[in-house]
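Residues per chain are reported as follows:
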Amino acid sequence: MMVALLIQSAVTVAAGSSPAGSWNAVLDLAGGQLPFVVTIGRDTRRWKGQLCNGDSCQSFSAVRVEGDSLVLEITDYDAIMKAALRADSLVGYYHNVGSNGPRTIAFRASRGRPRATTGSKHLLGRWDATYFQDQGTSPRVFEFRNGSGGFEGWIISSTADYGPFAGAVVGDSFAIGLFDGSFVYLLTGKLQGGTLRGTFHAGLRTQTPWTAVRSTGAPHLKSPTEVTGADTTERLRFSFPDLEGRPVASDDARFRGKVVLLDIFGSWCPTCHEATPALVRLYRRYHARGLEVVGLAFEATGDTAVDARQVRRYRDKFGIPFPLLLAGVNDNESLAAALPQLHNLSAFPTTVFVGRDGRVRQVYAGFHGLATGPHASPAREFEDEIERLLQQRGE
Amino acid sequence: MTSLGFRRLGVALTLRSMIFVAPASLTAQAPTPVVMERAGYLAWLKHAANSPLFAVAQRPVGTGLRLGPPDADVPLEGVAEHRLTGDGGIVRLDGPTEKEQSGGGRSFQLGTYKLFLSSSPSGPVVTVFEPPSGKQPPGYYPYHSSLVFIGPMLPPEQPGKLRVLGTDGIEVEGTEVGAVLVPLGGTTRLRVLRIPLGGEESELEIFFRDGSNGDGTYPAGRFVSLIPAGAGKFRLDFNMARNPFCAYSAIYACPLPWRGNVITQPIRAGERYMGGGLEAPEVEGDPK
Chain A
1 MMVALLIQSA VTVAAGSSPA GSWNAVLDLA GGQLPFVVTI GRDTRRWKGQ LCNGDSCQSF
61 SAVRVEGDSL VLEITDYDAI MKAALRADSL VGYYHNVGSN GPRTIAFRAS RGRPRATTGS
121 KHLLGRWDAT YFQDQGTSPR VFEFRNGSGG FEGWIISSTA DYGPFAGAVV GDSFAIGLFD
181 GSFVYLLTGK LQGGTLRGTF HAGLRTQTPW TAVRSTGAPH LKSPTEVTGA DTTERLRFSF
241 PDLEGRPVAS DDARFRGKVV LLDIFGSWCP TCHEATPALV RLYRRYHARG LEVVGLAFEA
301 TGDTAVDARQ VRRYRDKFGI PFPLLLAGVN DNESLAAALP QLHNLSAFPT TVFVGRDGRV
361 RQVYAGFHGL ATGPHASPAR EFEDEIERLL QQRGE
Chain B
1 MTSLGFRRLG VALTLRSMIF VAPASLTAQA PTPVVMERAG YLAWLKHAAN SPLFAVAQRP
61 VGTGLRLGPP DADVPLEGVA EHRLTGDGGI VRLDGPTEKE QSGGGRSFQL GTYKLFLSSS
121 PSGPVVTVFE PPSGKQPPGY YPYHSSLVFI GPMLPPEQPG KLRVLGTDGI EVEGTEVGAV
181 LVPLGGTTRL RVLRIPLGGE ESELEIFFRD GSNGDGTYPA GRFVSLIPAG AGKFRLDFNM
241 ARNPFCAYSA IYACPLPWRG NVITQPIRAG ERYMGGGLEA PEVEGDPK
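Residue numbers (my numbering), protein chains in the order written: chain A, 1 to 395; chain B, 1 to 288.
Mixed in with the good hints, there may be bad ones.
Derived CB-CB ranges, DEER-like [as the list claims (entries may be wrong)]: (1) ASN332(A) to ALA80(B): 34 to 40 angstroms; (2) PRO152(B) to GLU383(A): 36 to 42 angstroms; (3) ASP384(A) to ARG163(B): 38 to 44 angstroms.
Listed next, the stretches of chain A that the computed footprint assigns to chain B, with coverage defined by at least 3 CB atoms under 8 angstroms from CB atoms of chain B [said to hold, decoys possible]: (4) 23-31; (5) 240-246; (6) 327-336.
Simulated from the structure, these hints should not be mistaken for laboratory data. Since the model is a prediction, treat every value here as computed from it, not as a measurement. The C-beta atom is built at its ideal place from N, Cα and C for all residues, glycine as well.
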């Protein structure tokens, strides 16, 4: 209810009858409304548009008007949004498909732009959060600030860095969302005394209560290199088909005596989209000195034709010069089965550093720098590790 | 009804006010999210290449499978002999002219058939699909607002992780997280498991049987999700009950009924059943 009031109060309604313009949109999750903004425009030939979380926007792959419906495609994540277009409203759904069926979430929008709201100094800054689920707990770090688009936040776990979340704040309460066509996340919270309390909503139905206290500066999360373990007594083995179906294996001559980075990723994974350009740069910089990079894709549907198409798009989008292999689907069982020498492999992306002797030297979960907060790339840490491994001799 | 029991939505305003979303279920019509979720699911069943409606075989790859000829492990009309073998996370398909390999969650095209590989704690499993062909899913009972409940979750009797079969008949590791009491057939306790969906998402699932099983609904029982409703309460909407995949095709393994989780009253809501699947597995000492 609070979220609904926040959204309504933040909306300035404008009139119009075509899809062009700015739309205040929400996904109706079981526990609240995830706010975001859709903007639609038109050039001489076609409709185009963007999906925005605060100031962070991405373009839709395609925008179409079909009869009285507006169709928005996000091909990076094989997702679609379709809504009945009325003068001042859009009413429809967001839809994408996994290996065991679809995810369908109600989507609606009204014309206008959200009025930017800002958080007080009592909310801003870095917080050490604890998620409570079932009988266990897990740590997160929240970082809140006022950007040019208003109150925004990031959620950092031991394996991932999500953000920016954008939305509205009223007094000591906030409701901020992150929706990019793949991630469907909503964070609601309220400051009570010196403690923040709230709920993290993931997808349509998952809700996790949390509390948070001001960060003291002491480490609250596991280091990204401590999340996933590896069997280092033997050479790391892998063998998967590339996008043309040809097998690529760790025993191939191209990897012998080389330093190898395995990039465990998915085209559906926004954090992977952030990490890949850095890996491409590392490959271009160090390939001549003995670095190989291989991307292992764990995709959504398990349909080779569909997943290969998604990964080709991904390759072309980032100009990836190294091989990308279809390694499995993005569930824990598939990950564990594909790479049994790695233990607790749970983050997308995960980067596995393999020395010239073929053994795992380091496993880095996620793609963020804990020491310096959101947006900190670990690329420099990766460079240091690559330099160190290149100087070592193989067997 | 005990104070811990689930109550019909709308019976008490105090309970209704705890629901985060508008209580559209008080009307006779299905709320928009229910309509939307059902429509999306039905469209997937009708058209997806890996829809369980079009599955013709599902087997663990184990030490290897022969596919194609009539005497093969998996006979496939019009397909020459092929062999599927597993090696760790890799599955290889060898045929007269082609050799392909795949990770644990990929697919092969074999003539007009499509082979999807799934991973399970016991090793890779292959499911074979024929092309989508106009088969119709069973559909749903009319919406009943009287079969929507809200209430608290009780602590689990035996907390911890356990392996169960998911909707697709493949093993998954769930966590026993609690139980709910529903005022149906007296007061019935239903166990709740959290099933991971990947990333930060999971589903609170109840696999239950009821008095309609074998008489309009699938004999082995159905799944229904428990939806967090805020203030420590959860919403249970039997209109969202859905079949395990073994209801669509007898090739799927059927989940064993979860001990307990039997509602003696018929629940004529949610997904229906029109035959074609397996008979209900029996559990010793557990009344059907």
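Hints, verified against the model:
no. : hint                                       : verdict
1   : ASN332(A) to ALA80(B): 34 to 40 angstroms  : holds, 36 angstroms
2   : PRO152(B) to GLU383(A): 36 to 42 angstroms : violated, 52 angstroms
3   : ASP384(A) to ARG163(B): 38 to 44 angstroms : holds, 42 angstroms
4   : 23-31                                      : holds (count 3)
5   : 240-246                                    : holds (count 3)
6   : 327-336                                    : holds (count 9)
The structure does not agree with numbered hint 2 stated previously, though it agrees with all others.
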